[in-house]
Amino acid sequence: MSSNTKILTVIKHIDNNVNITDNLKNFNANVNEDYDFSSSDEEDVNMEEKDSDISDDEDELENKKLINQIISPGDLVIKSSEYMKGHNTYTTQEHFEKSNTTEDGNTKSGEEELNIYSSTLGVLSKINKLISVTNINKNLYQAEIGDHIIGQIVEVTSAKKWKLNINGNNLATLQLSSINLPGGLLRRKNEQDELNMKQLLKVGDLINCEVQGVHASGNDINLHTRSLKYGKLRNGALVKVKMGLIQRKKTHTHFFNNNSIKIILGCNGFIWVSYERAPIDSVTKDKGSESIKTDITRIEQDTSFEIYSDINDPNIDLKTRILISKYVIIIKILAFNNLVINEQRINSVYELILSYNRNSGGMPNNSGNSKDVLFLLNDPEVMKDIGYQLVQGEKMRG
Amino acid sequence: MNTLFSTTEKSYFRESLTKEKISECLRSDGRDFKQLRTLESYPSFLNNCNGSTRLVSQDGTETIVSCKVQLMENDSKLNELELLNRLINIDLSIPDLDNSNKLLNQMEDSIKNNIVSQLQGTDKLKVTQKYSFQLFIDILVINCNSYPLGLISLAVYSTLNSTLFPVLISQDDDLLVEQVPQFHDYDLKLIKIPCPITFVVAIFGDDLLLVDPSEEELQTADNCLLINYIEDKKVIGPIRTIQFNDEYTKGFNPLVLSKAFELVESIGDEVLSAL
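Top line first, the protein sequences correspond to chains E and P. Every letter in the first sequence is one number past the one before it in this note's numbering, and letter 31, counting from 1, is 31. Every letter in the second sequence is one number past the one before it in this note's numbering, and letter 272, counting from 1, is 272.
In short, the hints are calculated from the structure, not lab data. Being a predicted model, the structure only gives us computed values, none of them experimental. By construction, the Cβ of each residue, glycine as well, lies at the ideal position given by its N, Cα and C atoms. Be aware that one or more of the hints could be misleading.
Claimed, not checked - Dumping the calculated DMTMM-like pairs for lysine to aspartate or glutamate here, alpha-carbon to alpha-carbon at most 25 angstroms:
1. E/Lys240 / P/Asp138
2. E/Lys242 / P/Glu247
3. E/Lys332 / P/Asp138
4. E/Lys138 / P/Asp269
5. E/Lys12 / P/Asp138
6. P/Lys19 / E/Glu276
7. E/Lys384 / P/Glu40
8. E/Lys319 / P/Glu262
9. E/Lys384 / P/Glu247
10. E/Lys198 / E/Glu210
11. E/Lys242 / P/Asp96
12. E/Lys198 / P/Glu247
13. E/Lys6 / P/Asp96
14. E/Lys384 / P/Asp96
As the list claims (entries may be wrong) - Derived list of chain P stretches under chain E, where covered just means 3 residues or more per stretch with a C-beta under 8 angstroms from a C-beta of chain E:
15. 2-8
16. 27-39
17. 105-113
18. 264-275
Unchecked claim - Over the 10 angstroms line for every Cβ pair with chain E, so calculated as not near, a few chain P residues:
19. Gln58
20. Ile88
21. Ile142
22. Asp172
23. Asp173
24. Pro181
25. Lys192
26. Phe261
Pulled out of the complex, with its shape left as it was, chain E reads as follows (with noise of 0.2 angstroms):
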């Protein structure tokens, strides 16, 4: 390592000062001319105490006020027996239990009364006496069918179901039913392989798979991984990026630099650097009548216990270890700058950060010098720098 990194780069922005408290100023006048948050407060305590002795026309009215409102965290939906709590509502232990006296002196225990409340910000919506709560987070995936995306397991359930991590709003869910089980093997349905389902992918593990079906408006996802581009990955790292950042194509797999590093662009935001192995092409080489053979000969091999270890390839060597967090700092630059991921752009990237090398580093030493610029393209402003020069690039192509 040459001697003069430096230790701690520490950008300071000393002048925000004044702006920032100008800011909130203006930020709080504005508050004041557009909304009437108490106000409005106000109405709905008093829609929810009159509750119980509203006509059906003030009935139809509190509805259409309660929808497109938007609705905070922790807000009080709606206090009433009545309805029932949909996605994003939760309700709280407390009953409350009204006693009515009625005249005949009997005490009857009348109708407990749910207060639901909202747990996410989002519009309100309403069918029939269910009440849920939309999420209105754009930053949140929304599953197609034949989506390519990458998810995490962070449950096994006890109904041979996966629960995965979309980046979404509920989870969504991987069947057992649903993946090529090691060796082609078929199915027993029995006990066993349920009890054998923790073997093959456990919690944390990230899955590269298709939406398979989207029920309930887009609140039940059901995944696939019936092929062999699917499956669990290995051999790199993780970036997560702004949802809208990346674009549904034909192909979200791209392979860079002769075929060494192999990206995987999920439709939901996660993007996957790995280490691929060049491919054998001895195999792929006698096409014709023999090709169905050794495809299905491959199935079987390629579905070995193989596609659920945990074990990573282990030759991977320093050059290409440097390569993936190259490219995982690509994407992270790309993402800075909220230009669309693709793979034209992280190619273009690419050829910037090379003459990057050049221009800063001074010396043209490939070996070690490698390492030093990858943190050098950390800081904010080379990336800011480095998104500029893409965009004019591109606008000079046109």
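Since the structure of chain E is provided, determine the placement of chain P on it from the hints.
Chain P alone, transformed into the frame defined by chain E:
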């Protein structure tokens, strides 16, 4: 904190850092082993505090520290340590962790003890015979992505170095006279309160030491050290160890300790001067 990594990811990171030759080891973000992550700093950004700092780390973790000064009447029954413990008030809050969290309390104690131990034997906070300055240091960590103690200690250090105290205009000897101290209306002065900074050092094997480890490094390290450093190349106690994973944690060679001290001593001043 506690980001979930897959087993293969963890072993990939681990493999990158446990090669036989040190020159073949690689941190996932390409940093040098003794390099800290880039920081964005917003010094004195709050107007209604005596001192404040906002530090944003590269991984998105953001620390906001504010320091307020109040006048407190000394209780003559207390000894020096008890008095200092009352004068320094630290309130650390991290939205993901509740107030009874072990990790949170440990960080809070460590910061407080570091400041108190440095103030012992000095009378920097003394105003008059009867009155002292009381410090309220509030720390808020937003979007916490890795163990934040290193970042917090840097923020506290730079806050305490820019905290302005009111200037006394009345007499400072009030043992015999019953008098409330009077301060200048707007003039403020800087009292430099010594504050050590804490380095988090992750240990991989017998040779490799990583300064300011990121979350994936914390989760794959053999062990971690918390080392306090104060100006003029001095490592000061207490030194602690801390672990963040069950899979890879193991004991370490005591010789690593002296290596870690040397490492911290060599980079400490550069870090302090950069702030």
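Now the hints, each set against the structure:
| no. | hint | verdict |
| --- | --- | --- |
| 1 | E/Lys240 / P/Asp138 | violated, 31 angstroms |
| 2 | E/Lys242 / P/Glu247 | violated, 31 angstroms |
| 3 | E/Lys332 / P/Asp138 | violated, 32 angstroms |
| 4 | E/Lys138 / P/Asp269 | violated, 44 angstroms |
| 5 | E/Lys12 / P/Asp138 | holds, 21 angstroms |
| 6 | P/Lys19 / E/Glu276 | holds, 20 angstroms |
| 7 | E/Lys384 / P/Glu40 | holds, 14 angstroms |
| 8 | E/Lys319 / P/Glu262 | violated, 30 angstroms |
| 9 | E/Lys384 / P/Glu247 | violated, 38 angstroms |
| 10 | E/Lys198 / E/Glu210 | holds, 21 angstroms |
| 11 | E/Lys242 / P/Asp96 | holds, 21 angstroms |
| 12 | E/Lys198 / P/Glu247 | holds, 18 angstroms |
| 13 | E/Lys6 / P/Asp96 | violated, 32 angstroms |
| 14 | E/Lys384 / P/Asp96 | violated, 31 angstroms |
| 15 | 2-8 | holds (count 5) |
| 16 | 27-39 | holds (count 11) |
| 17 | 105-113 | violated (count 0) |
| 18 | 264-275 | holds (count 5) |
| 19 | Gln58 | violated, 6 angstroms |
| 20 | Ile88 | holds, 26 angstroms |
| 21 | Ile142 | holds, 16 angstroms |
| 22 | Asp172 | holds, 33 angstroms |
| 23 | Asp173 | holds, 38 angstroms |
| 24 | Pro181 | holds, 30 angstroms |
| 25 | Lys192 | holds, 19 angstroms |
| 26 | Phe261 | holds, 16 angstroms |
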